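Assemble the whole structure, with the sequences as input and the hints as a guide.
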Amino acid sequence: MKNSEEAIEKVLASLRDAEAPAGMERRILDGLEEREAARSGSGWRWMWPVWLVAPGRSVAVGPWMCGVVVGGIFVVALAVPGLRRLGHTPVQVRRNSATVGSPALADSGAGGKSVDHAWLRSSVRSAEKIKTEEERSAESAAAVVDGDSAALDDMHAASRPAPPMPLTEQERLLLRLVHKDAPVELAMLDSKMRALQDSEEKTEFQRFFAQPAKPIQPEQPVTEQGAPPPSTTTEEAAPGQSATEQAMPAEPGTDQAAPEQSVPEQAVPEQPTQPQATPEHSAPDPSTAQQATPRPTRTGEDE
Amino acid sequence: MASVEGCSLALSSMESVRSEIDLAALVETYSSLLFRVAHSVLRSRAEAEDVVQDVFVRVLEHRRSLATVREMRVWLVRIAWNLALDRRRQIRPEQFDEGFAESLVARNLPADEALHEAQRLRAVLRELERLPRAEREVLLLSVVDELETSEMAEVLRRSESAVRALLFRARTRLRERLEKGEGKG
Numbered sequence: 001m002k003n004s005e006e007a008i009e010k011v012l013a014s015l016r017d018a019e020a021p022a023g024m025e026r027r028i029l030d031g032l033e034e035r036e037a038a039r040s041g042s043g044w045r046w047m048w049p050v051w052l053v054a055p056g057r058s059v060a061v062g063p064w065m066c067g068v069v070v071g072g073i074f075v076v077a078l079a080v081p082g083l084r085r086l087g088h089t090p091v092q093v094r095r096n097s098a099t100v101g102s103p104a105l106a107d108s109g110a111g112g113k114s115v116d117h118a119w120l121r122s123s124v125r126s127a128e129k130i131k132t133e134e135e136r137s138a139e140s141a142a143a144v145v146d147g148d149s150a151a152l153d154d155m156h157a158a159s160r161p162a163p164p165m166p167l168t169e170q171e172r173l174l175l176r177l178v179h180k181d182a183p184v185e186l187a188m189l190d191s192k193m194r195a196l197q198d199s200e201e202k203t204e205f206q207r208f209f210a211q212p213a214k215p216i217q218p219e220q221p222v223t224e225q226g227a228p229p230p231s232t233t234t235e236e237a238a239p240g241q242s243a244t245e246q247a248m249p250a251e252p253g254t255d256q257a258a259p260e261q262s263v264p265e266q267a268v269p270e271q272p273t274q275p276q277a278t279p280e281h282s283a284p285d286p287s288t289a290q291q292a293t294p295r296p297t298r299t300g301e302d303e
Numbered sequence: 001m002a003s004v005e006g007c008s009l010a011l012s013s014m015e016s017v018r019s020e021i022d023l024a025a026l027v028e029t030y031s032s033l034l035f036r037v038a039h040s041v042l043r044s045r046a047e048a049e050d051v052v053q054d055v056f057v058r059v060l061e062h063r064r065s066l067a068t069v070r071e072m073r074v075w076l077v078r079i080a081w082n083l084a085l086d087r088r089r090q091i092r093p094e095q096f097d098e099g100f101a102e103s104l105v106a107r108n109l110p111a112d113e114a115l116h117e118a119q120r121l122r123a124v125l126r127e128l129e130r131l132p133r134a135e136r137e138v139l140l141l142s143v144v145d146e147l148e149t150s151e152m153a154e155v156l157r158r159s160e161s162a163v164r165a166l167l168f169r170a171r172t173r174l175r176e177r178l179e180k181g182e183g184k185g
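Those sequence lines, one after another, are chains V and A.
For the first sequence, position 107 matches number 107 in this note's numbering, and the numbering has no gaps at all.
For the second sequence, position 37 matches number 37 in this note's numbering, and the numbering has no gaps at all.
Source of the hints: derived by calculation from the structure; they are not laboratory data.
Among the hints, a few may not be true.
To be verified - Derived coverage of chain A by chain V (criterion: at least 3 residues anywhere in the stretch with Cβ under 8 Å from a Cβ of chain V; other residues may be distant):
1. 110-123
2. 128-138
3. 170-177
Quantities reported herein were computed from a predicted structural model and do not represent experimental measurements.
Glycine included, every Cβ here is placed at the ideal spot set by N, Cα and C.
Structure follows, in structure tokens:
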């Protein structure tokens, strides 16, 4: 027991008394400095010259460089508007120099030794030319100023959507092709419109067949008394029927009988089966047939 | 402008100088303590020195928040302790035990006695490694004499009573196991 306790104490004591290696602190500090230098160098110092980022100067140069950078930004901020102003002036300066130079030229020409007319004319011409150039440059400067102001106005103007582009010829043709009779088709979808159209057609139909009925009215008994045509088409019989309807007062029995006799077309094919059904037998009936036959046609047209 | 720049220059230089002085003072004050903490876990001088270096790198990284640290000593010991435990997972401390045990044997002993003594110390270290983790950690941290129980409790994030109980159990268990081993041997 004593041995084990001694061994434990000895081991723990040796761990407790472990001494740091000589120079460990120095090595740690050196390592920290290197690490700090590497970290700061990896940031923004790589842009600076070596003499600025030397380890001894890092403390003193940093704020100084900050001041320099801030000062540089300040100077640039001051200089930019001035440079802008200078950028506009050369035109005026050139213009002024031209205006100043032309009289001088003219004066020197006038005050020269050989004052001949040709030279004078040329100088006058050149002066005029210069003057026209001046005017042109002034106009162009004014145009530039106007353009600038227009551009500024455009820039400050509230933005609005662009107007729609006009259709090309092909697009218009396409549109016409696609939307052919579209309003009519659309109107046909509307039941009211359709009913209105139907009623209009009906009234038009009635008006159309009613107008010739009046002159026919006195002739109708003649046609009825005369040999009636054995086979009258519904179209031919229709005016007569309408005439009889409008000419004669409507009998109470005919209107009621009409529905019953309104199927002669269905009954007619059956007549050949009966041996007595000859045109002569059916001759007295045409008046009734004439009265009865139009109805289906009218209803058919109405439908 | 120049005076302002000069003033800021002086202030910044003073600040940097102060931080450098602080860091140097920290290294000087706590490096040996941190070395012992790391060495108790790793039992290798080179590895322990690397851990101390890493501790001060961390300090450098958190230089701006140093003012908020209440107990610098405990904070540094905790960093060193955690870093040593991390490194312990990467290396096997048992590989250093043989050399460490031989270094503890007195040089004036005869060879056979020195061999026997080295084996005994190696057995202690081996049993130390076999202890439960909490007991082993408390025992190893208690090696560092300068740490009080409250500081140990703060580093290990346990209560003081738990630390005392764990320390007692660790020593008892280690002693029993060594005696049992001696009895078998």
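Are there hints from earlier that the structure breaks, and if so, what are their numbers? Checked against the structure, the only hint that fails is number 2, while the rest are satisfied.
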